[in-house]
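Residue numbers (my numbering), protein chains in the order written: chain Y, 1 to 175; chain E, 1 to 175.
Honestly, the hints are just simulated from the structure, not real lab data.
Check the hints yourself; a few may be wrong.
Each pair may be met inside one copy or between any two copies, as identical chains are not told apart.
Straight-line distance between alpha carbons at most 27 Å, and here's what the computed DSS-like set of lysine-lysine pairs gives [to be verified]:
1) K89 / K140
2) K61 / K160
3) K140 / K160
4) K2 / K89
5) K140 / K151
6) K2 / K160
7) K151 / K28
8) K169 / K148
9) K151 / K89
10) K2 / K61
11) K28 / K160
12) K175 / K151
13) K121 / K169
Number of protein chains: 2
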Amino acid sequence: MKKKSFPLANVYGLLEPGPVVLLTTARKGVPNIMTMSWLTMMELEPPLVGCGDNYSFDALKATRECVINIPTAELAKQVVAVGNSSGRKVDKFARTGLTPLEASLVQAPLIAECYANLECKVADTRLVNSYNFFILEVLKAWTDPAVKDPKTLHHRGNGKFMFAGASVKLPSRMK
Amino acid sequence: MKKKSFPLANVYGLLEPGPVVLLTTARKGVPNIMTMSWLTMMELEPPLVGCGDNYSFDALKATRECVINIPTAELAKQVVAVGNSSGRKVDKFARTGLTPLEASLVQAPLIAECYANLECKVADTRLVNSYNFFILEVLKAWTDPAVKDPKTLHHRGNGKFMFAGASVKLPSRMK
Chain Y
1 MKKKSFPLAN VYGLLEPGPV VLLTTARKGV PNIMTMSWLT MMELEPPLVG CGDNYSFDAL
61 KATRECVINI PTAELAKQVV AVGNSSGRKV DKFARTGLTP LEASLVQAPL IAECYANLEC
121 KVADTRLVNS YNFFILEVLK AWTDPAVKDP KTLHHRGNGK FMFAGASVKL PSRMK
Chain E
1 MKKKSFPLAN VYGLLEPGPV VLLTTARKGV PNIMTMSWLT MMELEPPLVG CGDNYSFDAL
61 KATRECVINI PTAELAKQVV AVGNSSGRKV DKFARTGLTP LEASLVQAPL IAECYANLEC
121 KVADTRLVNS YNFFILEVLK AWTDPAVKDP KTLHHRGNGK FMFAGASVKL PSRMK
């Protein structure tokens, strides 16, 4: 898979459909992966992403850097494995066979097998204490240009997931 | 379509997959509809939803109430029509043929044709000035119990949408 730099102004199109993502961090050289499906765009450009969960985001808090990696259906098994293993003592890259790659602007690794990777820094922590909610700025985006209509995973809860279905063009003037 | 009360603790399963939604408000008796795809869960129970956009959310600001209505593929044409018409001078219910129904706890109307409706009040406005981002508490939820795997719409940008595809059960222990 050859990834190419992807325009920051188009990042919203990767996240608005609502895929489950894999958030990677690295703290003192120790990488970690978490699944996440609580995230939303908050600004188009520079792209701001709001995200949170009930996890403790200790590494994100400490390092203020992460990568949002977007998996597709082929990685469903690995996504579930990451979600099921509680993080700190387990090397999730080793356990899942996912491949860490060096990012360009942050210490956290890209996941090679994900079709898109967004290198992020924490931009606003005002809601971290109340809701464990971080506002991230996407600094650099990478995608596999061969993937046009990614078959992303979407979480319905209680073990149920939905895979992205057909894409259609509609006469919408929304950005 | 007969809607039934839906448990607040399960609302996350309706929104986590990332559907485009129709946000309804009512100000001085005048209803309005907006499309929205920037939203995320922020807390499970009581369910908190963070949402925003580049629109001006004047009615939401003034009344602090709204309904999040979740459309499915049959309503794609109406969703696009709502997104394409700028709000204040157009009666979007009349223009689209969508049917307003009285809500139980808020002044904003439910959209009858949507398979799910979430009555909300504004719970936190700390990020409104910076990002036009509202935190809503879902007070009451309604769904059509006949709809098990809703074929929701998901926005890819620039006129492109994705329809929800197949659902699968995976051995996930995520909530």
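**Message:** As a check of your reading, is K89 near K140 (CA-CA no more than 27 Å) within one copy, between copies, both or neither?
**Reply:** neither (29 Å within a copy, 40 Å between copies)
**Request:** Measure nothing new, just compare the shortest in-copy and cross-copy C-alpha distances for K2 and K89 to 27 Å and report within, between, both or neither.
**Result:** Answer is neither: 32 Å inside a copy and 49 Å across each miss the 27 Å cutoff.
**Request:** First find the shortest C-alpha distance between K121 and K169 inside one copy, then the shortest across copies, and answer within, between, both or neither for a cut-off of 27 Å.
**Result:** neither (33 Å within a copy, 34 Å between copies)
**Prompt:** Within a copy, between copies, both or neither: where do K2 and K61 come within 27 Å Cα-Cα?
**Reply:** neither (31 Å within a copy, 46 Å between copies)
**Asked** Which holds for K2 with K160 at a C-alpha limit of 27 Å: within a copy, between copies, both or neither?
**Response** Between copies, since 24 Å is at most 27 Å while 31 Å is not.
**Prompt:** Under a CA distance limit of 27 Å, which applies to K61 and K160: within one copy, between copies, both, or neither?
**Reply:** The answer is neither: 30 Å in one copy and 35 Å across copies each exceed 27 Å.
**Asked** Between copies, within a copy, both or neither: which fits K140 and K160 at Cα up to 27 Å?
**Response** Intra 32 Å, inter 23 Å, cutoff 27 Å: inter-copy only.
**Prompt:** Are the CA atoms of K151 and K28 at most 27 Å apart within a copy, between copies, both, or neither?
**Reply:** Intra 34 Å, inter 44 Å, cutoff 27 Å: neither.
**Prompt:** Can you tell me if K169 and K148 fall within 27 Å by alpha carbon in one copy, between copies, both or neither?
**Reply:** both (13 Å within a copy, 26 Å between copies)
**Item:** Alpha-carbon proximity between K28 and K160, which holds within one copy, between copies, both or neither at 27 Å
**Value:** neither (35 Å within a copy, 41 Å between copies)
**Homomeric proximity label, K151 with K89: Cα distance no greater than 27 Å** = Close neither inside one copy (31 Å) nor across copies (39 Å); limit 27 Å.
**Request:** Up to 27 Å between alpha-carbons, please classify K175 paired with K151: within, between, both or neither.
**Result:** both (22 Å within a copy, 22 Å between copies)
Checked against the numbered hints given earlier, the structure breaks hints 1, 2, 4, 7, 9, 10, 11 and 13 and satisfies all the rest.
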